[in-house]
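Listed here are the chains, written in short residue letters.
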Amino acid sequence: MPTISFSLEDLQNLVGEKISIDKLKELLSYGKAELENYDKDTDEVTVSCDDTNLPYLWSVEGIARLLKGLLGKEKGIPKLEVFKESKHELIVGKSVSKVRPYIAAFIARGKKVDDNSIKMMIDLQEKFCESYGRRRKKVAIGVYNYKKIKFPVTYKATDPESIKFIPLDFKKEMTQAEILEEHPKGKEYAWILEGSDKYPILVDNKDNVLSFPPIINSVYSGKIEIGDEDLFFEATGEDLDAVLLAANIFAQAFYERGFNIYAVDVKYEDKKITSPYMFNESIKISGSQIKNLTGLELKEEEIKRLLGRMRFDYKAGKVMIPDYRRDIMHPVDIIEDVAIAYGYDNIKPEPVTVYTPGQPMEINKFIDKAREILMGLSYQEIMSPILSNKSILYENMNIKDMENRRFSEPSEAKASSGFGTIEIKEPMSETYSVVRTWLLPILMEVLSKNKHTDYPQKIFEEGIVTVRKGDDVKDYHRVALLSAHKDADFTEAKQALDLLMRLLGFKYEVVEVEHDSFIPGRVGRVVVDGMKVGFIGEIAPSVLKNWDLDVSVVGFEVNLTELFEKIK
Amino acid sequence: MDIKKLIDTLHPLERKVLPILGRVLDFNKIVEETGLKDVEVMRALQWLQNKGVVKLKDELKEVVELGKNGKRYIEQGLPEKRFLKEIEEEPKDADSIKEKASLSKEEFGVCMGVLKKNSAILIDKKDGKLIFTITPTGKKFLERTDEEDFLKKLPIELKTLKETMVFEGLRKRKDILKVQLLKIKKIEITELGKKAVKEKITDKEVVDRLTADMLKTGEWKGKKFRRYDVEINVPEIYGGKKQHYRRFLEEVREKFLELGFTECDGPIVESDFYNMDALYMPQFHSARDIHDAYYIKEPKYCKLDEKLVKKVKEAHENGYRTGSKGWGYKFDIKKTHMNLLRTHDTSISARTLSSKKLKIPGKYFQISRCFRPDVIDASHNVDFNQVGGFVIGEDLNLKHLFGLLAMFAKEFAGTDEYKIVPGYFPFTEPSAELIAKHPDLGWIELAGSGMFRPEMVKPLVGKVVPVVAWGVGIDRLAMFKLGLKDIRQLFSHDLKFLRNVKVV
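For the record, the sequence lines run as chains F and R. Each residue of the first sequence is one higher than the last, beginning at 1 in this note's numbering. Each residue of the second sequence is one higher than the last, beginning at 1001 in this note's numbering.
These aren't lab readings, by the way, just hints derived from the structure by calculation. Just so you know, these numbers come straight off a predicted model, no measurement behind them. Just so you know, not all the hints are guaranteed correct.
[Stated by the list, open to error] Non-contacting residues of chain F with respect to chain R, defined by C-beta distances greater than 12 Å in every case (computed):
| hint | residue |
| --- | --- |
| 1 | Gly-258 |
| 2 | Thr-274 |
| 3 | Asn-292 |
| 4 | Glu-426 |
[As the list claims (entries may be wrong)] Here are the simulated lysine-lysine pairs, DSSO-like style, with alpha carbons at most 30 Å apart:
| hint | chain 1 | residue 1 | chain 2 | residue 2 |
| --- | --- | --- | --- | --- |
| 5 | F | Lys-451 | R | Lys-1419 |
| 6 | R | Lys-1335 | F | Lys-486 |
| 7 | F | Lys-451 | R | Lys-1061 |
| 8 | R | Lys-1335 | F | Lys-18 |
| 9 | F | Lys-127 | R | Lys-1335 |
| 10 | R | Lys-1419 | F | Lys-486 |
| 11 | F | Lys-451 | R | Lys-1242 |
Just so you know, even glycine gets a beta-carbon here, dropped at the ideal spot from N, CA and C.
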């Protein structure tokens, strides 16, 4: 979500009227933006823009444009005058087609660069390239001192070792290959050019290097200072639409700052595209579409007025879209702006009257019964994060990864089917690096964190565990229970299991098995109708030691999803 | 309390202990005289303390006890004494002393050191063997030694200098002594207690527990029941109870069921498809970076309904005949099959919309665990719950969305004061945010909402139908309702907290 800042005074000058902070707050919501902060001492306003598809709003000029429409100072598509001079040519070599094929450009003249315009250039460029430009991959932008450039300018790709120039922030001449290795910007953005054997370069008619897109400008013409008067702008990228949009948005902003805009003819091998580019996009909407989506019945005049506020032109069912916008895909995008301009506050809520009976998930009803029974036995319910780690789930329980599956999974499941744990590819921390596969270890962790709390400690957790079976993944609802106190024994656990199964209406057996988390001879598999649905036992002393516990612990874990499927 | 009444409230154990407190205040002596068990005396004293009759103070004392070897030496005699006994009559060599006095190599070494230091023996060499002879000092050693006296007195607290010196000597030797820190109860009798002991106290005249026999025989008639101190503090007990956060989520669930919503769920391990692509979020969207979702190692890809994938692909590429131009980029089929942990509950809405069970009109909701990489602190968790859902119906429009939001403000924040402002979600247009004035939290962002985009609805449902969708930020409300300051307490593992947190 891009955040921009500017001085309130600058905004007021651009809008041509005083605006209070409260008013600004309200008006920003029309552009899905929020006032984050206003610093009275520096007069700095900070605004965050929620909609990542509206880069034309990411500068004080964009905000001013929105406000002028809302305040009625202007209406419809904002004006943009473009001059043409035939000498402003940019020739695109075929060599860039494989690495970074598109470029758009324009020239802004006739006004001295000041603090505010420098700030706009830097901020808008950064936000646009990082967010909308996908960290410069889709679009990167350069601004130059026009007076140093001899037209026509050429955009081509060359051998990384063949040309040397001094990049910004450095004092020595470097090849493009050296820049990628040594220059901070080179290191940061080298990934974009990975796999290319030729790198893009922008040179003027005297072979002066202007820049190495999308990495860095040259010192020769690439540093803009306060007082500079004439500017050359270019945007390169892999998406023609996006570079043209970048040129349009910047041209509009420079124009509104008082610069004269001159077009540049960009000559590709097979076509010529002049930028700023007039997309001349339009979309049809009708009153009935607006009514269906918003419930608002609006006369055509009203629609036109509302669209004008939001900086669209409207004529006979057709909405003309300003050239700095490419985000309109469907009439719903326009209709939302109509509704916003109408004012959400003015739209009368209507109750949803459609009658539908509420339906709980059947399994949740079943789960709640199981929980109720265990709470009736004085067990405290626990709710834990689903993410866990292998030392909790396996190492501390003395078992290898997923060995516990034998006691918890359906009997038809074979060991060869590749049971496994869901592991996160890039975990932020080891603590939360896998999805839990069983619950008892989570409860053991609870006990180990509460060594100094009163015993007996009786706890249970019902929740989801997730296991991988070959190429499939399955979630199960399971319930686990532990009782910890000096006299805890197998009988106690089995009585609890027995009560649970009896009250839920299941006939079950407990069959002796081996399981390294439990004491041999005191652990059993819970079987219902021949299906293994869980296990029960006394936790092995070595496991207790792993958890630093010095009290006897007994418990069980059963698969509620599988039990539920039996009675469904 | 009046003394007579006080006497009436005494428990049989107290009745045994109290009368002797006038002269005996040593715990062990009380045990001895009353013939009660330690715990019984302790209990009686605690009760008496509660009644203000005595004051108990814990004193920590270092007590010296016999160790493993110490116990053995008391029976067999100290090794050095056994050593000396062997040579009392005549000098002997090392091996025969060791064997006859049954000394281990280690013990023998210690003896030699101790005895030589005290000039109790003389050592000579003869035929390559060490010969030991007892000295006159050594003979005195055969009588009672300080060490033996000391061991016999144990357990004691060190009091005299002599004891301390002997202790220091013995302590260096293996397992003879054990030093333990003991809590010792010091008993003081209060003024009330001094009056009470003068009363006549027997354990005959009052009924303590009412038994089945008494009821049968009527023996209780005319007897006095021991008075209880009904004001007394009793030990805390902990019942089984619902986890606090789960209770809250259950209430939310109940609310939606009452409002006629049908409950849905979906898998934790989701595909890029349902988590994002089916929601018309472009594959190049900035929120789709690897660092914004937990992708999983294996299985990397999942199986999907390829017909449905094709429709969604078309929606992204060209709008799928919805009147939209689409995002206009080449949709990556392989990427859409990638597995990740769902980042939001809208994946479930997408599944419900494409399910055969979908009914139009219909109302659906889900409460689901979602996962997002984040740095965990008091207000961020990587593992959290979302509550969301949608209403689908041919005649629904933005006004109904607003109506639903108004209801949420009332149901979840308990307020009629709310604002609906434009919002942005990649899958809704129009979008709206609900900001409600919570009576205690002030203005809070309560829900995000909107009408699902036609490019999302048509591939999933098969046609364009209005869908009003929303998600409520539930964790913040849960924290407020439960009075928590730290989001991690929603999944607390602190048993004290879990046992004591209020049921609200």
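How the hints compare with the structure:
1. At roughly 31 Å from the closest C-beta of chain R, the C-beta of Gly-258 of chain F stays outside 12 Å, upholding its exclusion from the interface.
2. Distance check on Thr-274 of chain F: its Cβ is at least 22 Å (rounded) from any Cβ of chain R, clearing the 12 Å threshold; non-interface status holds.
3. For Asn-292 of chain F, the shortest C-beta to C-beta distance to chain R comes to about 6 Å, within the 12 Å cut-off, and the non-interface label is violated.
4. Distance to chain R contradicts Glu-426 of chain F as a non-interface residue, since its nearest Cβ pair spans about 6 Å, not more than 12 Å.
5. A threshold of 30 Å between alpha carbons decides the hint, and for Lys-451 of chain F with Lys-1419 of chain R the separation of about 49 Å lies outside it, so the pair is violated.
6. Our distance criterion of 30 Å between C-alpha atoms is broken by Lys-1335 of chain R and Lys-486 of chain F, whose separation comes to about 54 Å.
7. At roughly 26 Å between alpha-carbon atoms, Lys-451 of chain F and Lys-1061 of chain R fall within 30 Å of each other, so this suggested pair holds.
8. Of the pairs offered as hints, the one joining Lys-1335 of chain R and Lys-18 of chain F is violated, with about 50 Å between alpha carbons and a cut-off of 30 Å exceeded.
9. A threshold of 30 Å between alpha carbons decides the hint, and for Lys-127 of chain F with Lys-1335 of chain R the separation of about 27 Å falls inside it, so the pair holds.
10. In summary, the hint linking Lys-1419 of chain R to Lys-486 of chain F is not supported, as the alpha carbons are separated by about 57 Å, beyond the 30 Å threshold.
11. Pair hint Lys-451 of chain F plus Lys-1242 of chain R holds up; C-alpha atoms about 22 Å apart against a cutoff of 30 Å.
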